[in-house]
Amino acid sequence: MYASQTTYHRAGSVSEAVRLLSENEGAKILAGGHSLIPLMKLRLSSPEALVDIGRIESLKGITGKDGAVCIGALATHAEIASSDVVSERVPLLAEAAGKVGDPAVRNRGTIGGNVSHADPSSDLPTVLTALDASYCVTGPGGERTIAAADFATGLLETALGENEVLTCVCVPSEPSGSGSAYVKFSHPASRYAVLGAAAVLTADGGRCSSASVAIGGVEPMAARSASAEAALAGSDLSDGALDAAAAAVCGDFGDNVLEDIFASSEYRKAMGPVYVRRALCEARARMG
Amino acid sequence: MKVPVEMTINGRSYCGEVEPRQLLVHFIREEAGLTGTKVGCDTSQCGSCTVRLDGIGVKSCTALTVQADGSSITTIEGLSDGVELHPLQEAFWNKHGLQCGFCTPGMILAAAELLRTNPSPTRDEIRHGLEGNICRCTGYQNIVLAVEEAAGKMGGS
Numbered sequence: 001m002y003a004s005q006t007t008y009h010r011a012g013s014v015s016e017a018v019r020l021l022s023e024n025e026g027a028k029i030l031a032g033g034h035s036l037i038p039l040m041k042l043r044l045s046s047p048e049a050l051v052d053i054g055r056i057e058s059l060k061g062i063t064g065k066d067g068a069v070c071i072g073a074l075a076t077h078a079e080i081a082s083s084d085v086v087s088e089r090v091p092l093l094a095e096a097a098g099k100v101g102d103p104a105v106r107n108r109g110t111i112g113g114n115v116s117h118a119d120p121s122s123d124l125p126t127v128l129t130a131l132d133a134s135y136c137v138t139g140p141g142g143e144r145t146i147a148a149a150d151f152a153t154g155l156l157e158t159a160l161g162e163n164e165v166l167t168c169v170c171v172p173s174e175p176s177g178s179g180s181a182y183v184k185f186s187h188p189a190s191r192y193a194v195l196g197a198a199a200v201l202t203a204d205g206g207r208c209s210s211a212s213v214a215i216g217g218v219e220p221m222a223a224r225s226a227s228a229e230a231a232l233a234g235s236d237l238s239d240g241a242l243d244a245a246a247a248a249v250c251g252d253f254g255d256n257v258l259e260d261i262f263a264s265s266e267y268r269k270a271m272g273p274v275y276v277r278r279a280l281c282e283a284r285a286r287m288g
Numbered sequence: 289m290k291v292p293v294e295m296t297i298n299g300r301s302y303c304g305e306v307e308p309r310q311l312l313v314h315f316i317r318e319e320a321g322l323t324g325t326k327v328g329c330d331t332s333q334c335g336s337c338t339v340r341l342d343g344i345g346v347k348s349c350t351a352l353t354v355q356a357d358g359s360s361i362t363t364i365e366g367l368s369d370g371v372e373l374h375p376l377q378e379a380f381w382n383k384h385g386l387q388c389g390f391c392t393p394g395m396i397l398a399a400a401e402l403l404r405t406n407p408s409p410t411r412d413e414i415r416h417g418l419e420g421n422i423c424r425c426t427g428y429q430n431i432v433l434a435v436e437e438a439a440g441k442m443g444g445s
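Heads up: the sequence lines are chains G and D, in that order. Reminder that position 60 of the first sequence reads as 60 in this note's numbering, one-by-one numbering, no gaps. For any residue, its number in this note's numbering is found by taking its place in the second sequence, counting from 1, and adding 288.
Hints are supplied without guarantee of correctness; some may be wrong.
Stated by the list, open to error - Computed list of lysine-lysine pairs in PhoX-like fashion (alpha-carbon distance at most 25 Å, straight line):
| no. | chain 1 | residue 1 | chain 2 | residue 2 |
| --- | --- | --- | --- | --- |
| 1 | G | K41 | D | K290 |
| 2 | D | K383 | D | K441 |
| 3 | G | K28 | G | K41 |
| 4 | G | K28 | D | K441 |
| 5 | G | K65 | G | K28 |
What the hints assert, rightly or not - Pairwise CB distance ranges, derived in the manner of DEER restraints:
| no. | chain 1 | residue 1 | chain 2 | residue 2 | range |
| --- | --- | --- | --- | --- | --- |
| 6 | D | S301 | G | D132 | 45 to 53 Å |
| 7 | G | N256 | D | C388 | 41 to 49 Å |
| 8 | D | K441 | G | A247 | 28 to 36 Å |
| 9 | G | S82 | D | M442 | 34 to 42 Å |
| 10 | D | R300 | G | R144 | 26 to 34 Å |
| 11 | G | D132 | D | N406 | 30 to 38 Å |
| 12 | D | D369 | G | S82 | 26 to 34 Å |
| 13 | G | G240 | D | E378 | 56 to 64 Å |
Because the hints were derived from the structure by calculation, they are not lab data. The structure displayed is predicted, hence computed values, not measured ones. Note that the Cβ used here is the ideal one computed from N, Cα and C, for glycine as well.
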């Protein structure tokens, strides 16, 4: 498959990337290319210009900060999955990053590209929504921060402005003593999540003091399940409590449940509680 | 508008002017003439285009040539020293880890990537480590045995 003709511009810095985006109408940002290049080959995307940010040093690296981990937009899934600081502070993200695609895809795909692509079946938006992550972006007007829950605005659409570059993903550390898990129903060929469920559970005195549940792959954007979280709050996290919370997720699905040749909307809705329950059980087992 | 690139493939220097849309696998096959690297699914799923880019296993159908400018690439043709087979190649031979052979170059490069990150994989880890590579002859069992044998010869257990 051959992508459309395009022009190529390599940015040496974030400010240069912003300038190149401003100067080239219809330009797309290229990092690892594992979301954009497949789209270009299918001609679902035919950008007139590519701005390659893949060599900008300031966008690389993973650092622990006060109660959080800051992950440069160019960090690859493999780097995140094998990072000690990520595994210690946000094991949910390490687990999900290790389940993206396959080893070669994880070597090349980046966290910034992954979330900017806003594919509903992508793993990272689901866990980053569950973890209350925030995204730092830089544009012509300066820097701003966007909450993960507000970042995707629709199927493959984001709140990222036309000439803005996502620079960093900041993830608050999971609470001490909490347990978390991400489980997915992988598409057998692409390994995208036909459905993915993330859970973070914290208990105090035998009762659930906080619960975070997010689901991806079912609706056009990954989303938290307020109903499941409400069902868990204050519960004893028994099997019955997890069953009730898992069953509650269906009430949060809107009218726009995804459907494709692989899984009907009915099937996705039916699998929602199944995978949420698995995530909750695994998260509970990891508490302590 | 073409863009100048230069890179090292299997120790030899290549340079040229390429269209920005050109995929790395097409540079390797058509400009460098190294046709061991295959194009299978062309959708990042089958792994037959796997090469080593600056020491790391990647799918060359999902990288642009311009992204690889200045890098060092190893393909199946460059895995051995030209005299002795690489232990993975030898093990695929010994264990008959191939049927039609189309997936084999990518499978061996993916196995090399697995052994880079995990020199002593269990059979289960070998299967998972090769999950990005598809053998349409479904000859996986002997591929797993071959990777296991190679791991032992290369210093793992």
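**Message:** Quick check on a hinted range of 34 to 42 Å for S82(G) and M442(D), using CB atoms only.
**Reply:** violated (21 Å)
**Asked** Does 26 to 34 Å hold as the CB distance between R300(D) and R144(G), or does it fail?
**Response** Taking Cβ atoms as reference, R300(D) and R144(G) lie about 47 Å apart, which means the hint is violated.
**Prompt:** K41(G) and K290(D): Cα distance at most 25 Å?
**Reply:** The hint holds at about 18 Å.
**Range hint compliance [Cβ, N256(G) to C388(D), 41 to 49 Å]** = Because 44 Å falls inside the window, the suggested range holds.
**Message:** Against the 25 Å threshold, does the CA-CA distance of K28(G) and K441(D) hold or violate the hint?
**Reply:** Violated, because 46 Å separates the two Cα atoms, which is more than 25 Å.
**Message:** Against the 25 Å threshold, does the CA-CA distance of K28(G) and K41(G) hold or violate the hint?
**Reply:** holds (14 Å)
**Message:** Between the beta carbons of S301(D) and D132(G), is the distance compatible with 45 to 53 Å?
**Reply:** holds (49 Å)
**Item:** C-beta pair K441(D), A247(G): status relative to the range 28 to 36 Å that was hinted
**Value:** Because 53 Å falls outside the window, the suggested range is violated.
**Prompt:** Given the hint that K65(G) pairs with K28(G), does the C-alpha gap stay at or below 25 Å?
**Reply:** With Cα atoms ~31 Å apart, K65(G) and K28(G) exceed 25 Å; violated.
**Asked** Is it true that G240(G) and E378(D) lie within 56 to 64 Å of each other by Cβ?
**Response** Distance hint for G240(G), E378(D) holds at roughly 57 Å.
**Message:** The hint says 30 to 38 Å between D132(G) and N406(D); measuring C-beta to C-beta, is that right?
**Reply:** At roughly 33 Å between Cβ atoms, N406(D) and D132(G) fall inside 30 to 38 Å, so the hint holds.
**Message:** K383(D) and K441(D) were given as a pair; does the straight-line alpha-carbon distance stay at or below 25 Å?
**Reply:** OK: K383(D) and K441(D) at ~14 Å, within 25 Å.
Going through the hint list in order, the structure does not satisfy hints 4, 5, 8, 9, 10.
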